[in-house]
Amino acid sequence: MRFLPTDEQSDFARTLRSLLGAAEVPAAVRAWAAGDAVPGRALWSRLAGTGLFALAVPEAYEGAGLLPLELSLGFVELGRAGVPGPVVESAAVSVLLAELADGALAERFLPGLARGETSATLTLPGGSPYALDADAATYCFTVSRAGELRLLGGAREPVRSTDPARRLSLPPAGPGGGGELLAAGPAVVRAAGAAGRWARLLTAAQCLGVGEALLARTVEYAKQRTQFKAPIGAFQAVKHRLADTLLDLEFARPLVWAAALSPGPGEVAAAKLAAGEASYRAAMTALQFHGAVGYTEELDLSLWLRKARPLRDAWGTPSACRAEVLRSLTPPRR
Amino acid sequence: MELAHTADVEAFRAEARAWLRARVPARPLPSLETAEGFAAHREWEALLHADRWSVVSWPEEYGGRGVDIVKWLVFEEEYWAAGAPGRVSQNGINLLAPTLFDHASPQQRARVLPSMASGEVIWAQAWSEPESGSDLASLTSRAVRTEGGWLLTGQKTWSSRAAFADRAFGIFRTDPDAPKPHQGLTYLMFDLRAPGVTVRPIGRLDGKPAFAELFLDRVFVPDEDVIGEPGQGWRIAMSTTGNERGLTLRSPGRFLAAADRLVGLWRAHGDPSDTALRDRVADAVVGARAYELFTWANASRFAAGAAIGAESSLNKVFWSQYDIALHETALDLLGADAELADGEWAEPWVFSLAGPIYAGTNEIQRDIIAERLLGLPKGRR
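For the protein sequence lines, the chains are A and B, in the order given.
Residues in the first sequence are numbered consecutively from 727, following the numbering used here.
Residues in the second sequence are numbered consecutively from 21, following the numbering used here.
Mixed in with the good hints there might be a few duds.
25 Å max Cα-Cα, derived BS3-like pairs, lysine-lysine [stated by the list, open to error]:
| # | chain 1 | residue 1 | chain 2 | residue 2 |
| --- | --- | --- | --- | --- |
| 1 | B | Lys91 | B | Lys398 |
| 2 | A | Lys949 | B | Lys398 |
| 3 | B | Lys91 | A | Lys955 |
A few chain B residues that face chain A, going by a derived Cβ cut-off under 8 Å, partial list only [stated by the list, open to error]:
| # | residue |
| --- | --- |
| 4 | Met21 |
| 5 | Leu23 |
| 6 | Asp387 |
| 7 | Gly395 |
These stretches of chain A come out as covered by chain B in the derived footprint (C-beta under 8 Å, 3 or more residues) [to be verified]:
| # | stretch |
| --- | --- |
| 8 | 729 to 743 |
| 9 | 943 to 949 |
| 10 | 954 to 960 |
| 11 | 966 to 973 |
| 12 | 990 to 1002 |
Simulated from the structure, these hints should not be mistaken for laboratory data.
Don't be surprised by glycine CBs; every beta carbon is placed ideally from N, CA and C.
This is chain A alone, in the form it adopts within the complex (with noise of 0.2 Å):
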């Protein structure tokens, strides 16, 4: 029992912040928002480079193994800088086709994601509807509820999400779905399962580093920004609602490594209950110590805030995970 990240785990989680604490990337959220790709795009590159996307990809297609311990890691990273862009899905592709093991699909589709020089949207029945950054992302996944596989193409119809770094469309409808049919039957019903707890627990370790960020930023202005000659933060009012900030996120991250670890239902749905509630409610404290200045999308600060609540409910609400630990509790633990 080791219930630490080794040394490489932490250097690896480490090269990835301070790679993305030096690559602006508020500009290139504000940018992906505005629908231009292209900063986004160089910024998925750089990414690529320290190998996190071979992380969700077998050896045998140029990846690294499925690694989620070392996956989740760096997604906290994500969070943290707040990279916009289908990471969670496009890992989630990834290992949607690395458990369906069909050779062709997989030597067509997963050494582009492991190298990041391709992207992926996907969605899966009892997911959200809307599939996400459909138009910035290579390719467009998605299963139907009878269990087929489709690669999706042509122009959707988009729908605004109230975070708009999130662009999010409609998959057509209708019967058979269009598209190319890629694999159908209960293969595919069980690669997507696995698909599903991937995008839950990565999703998971996305909103720890969203609200890491955003206590970090909340802090950080309390600390500076003075009312009644003093800081807001030597407030016991202001202090105490931070501790309890604290608190929540230092009690989830243990569960995300811990679904990382075994990533079973009810561990990755308790991860993500616990870090998205966590998340979310780090927003509202941010919101609030910042007073006005933080209702505004001017301040990079709108960044993390619109994204907290819309990650609290991908892939997995709160109300789900609750459902999902309770019945991952049958047969009684002891």
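Assemble the complex: chain A is given as a structure, and chain B must be docked to it using the hints.
Just chain B now, with coordinates in the frame of chain A:
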């Protein structure tokens, strides 16, 4: 990173489980906050001690097994999962013993620890005073030098277990002229039956005398019962409170077992259409797991050489709030039966209500978290 235990740890778990399964009383003991329950719990402590299960982390010479924190946590999991009784010796084991290991002389350890391990001597803590709770450094009870020792005078209050305990430990002002309130304090142990001691039991919310007031009138304490150097009491006491807030007082095993019982209650009594209550059951399950994992991460840090720091304040706020939420959920599941004083969940609920108050109020803990972990400026309390 991994959570799997070594075969050695699993063998220890199996041994503990087998022992506990064979000996844990089939029916719960009477409340340890009653005279009858105190006696029954003393017997249980003696039984535990006979096979060296009462203080597994202590060195063997004092009746322990010398196991590391991982095995201690595993033992606690098994202990609470087996439904074993609460520990009447907890104040001594969790608060005084760590202090003795860090600050006492070998002679003191040899004299005090074995009878603590066996339950023969039950210890009460005597920190707070009527005007010194959160502001503990303002305490005024005095210890005045006399031949061969000290004379204690003053009043202590909220002294847990003191109604039935044998001895107590606390800090006393030995230098009233010290420039700062934290200075001139001395840590010592005294006999609750010594001449000059009056114990007045205080009923807590459920009427049980879970604590007491102590009136001290020139109570003699020999030099051999002073821990560490006179005047160093504050520093020594603070090393103890870190333990109290940390995981020794509330090991995760206790909450894992409580969450399991809650899930059982929900399955038996839960209204399937009441999703709000169902959600709170799920939150209790997740909270216990979060606390368990947080503790394992800390155990890994300690194993790597880190010391308990301000993080113990995170621990304390978490478990005290969690404990109340879990028990409130149980009461809500019970409906009209929740108010029955002898129900299985009533006493633990009353007990949980004290969590945010003692061991340093949660308000003080949040100040510590904000100032020491987040680096926010000091402000008026």
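Hints, verified against the model:
1. B/Lys91 x B/Lys398: Violated. Lysine 91 of chain B to lysine 398 of chain B sits at ~39 Å, over the 25 Å cutoff.
2. A/Lys949 x B/Lys398: Holds: lysine 949 of chain A and lysine 398 of chain B sit about 11 Å apart, inside 25 Å.
3. B/Lys91 x A/Lys955: Not satisfied, since the Cα-Cα distance of roughly 52 Å exceeds 25 Å.
4. Met21: 6 Å, holds
5. Leu23: 6 Å, holds
6. Asp387: 6 Å, holds
7. Gly395: 7 Å, holds
8. 729 to 743: holds (count 5)
9. 943 to 949: holds (count 3)
10. 954 to 960: Since 4 is at least three, the answer is holds.
11. 966 to 973: Result for this restraint: holds, n = 6.
12. 990 to 1002: holds (count 3)
Figure legend: structure checked against the earlier numbered hints; hints not met, in rising order: 1 and 3.
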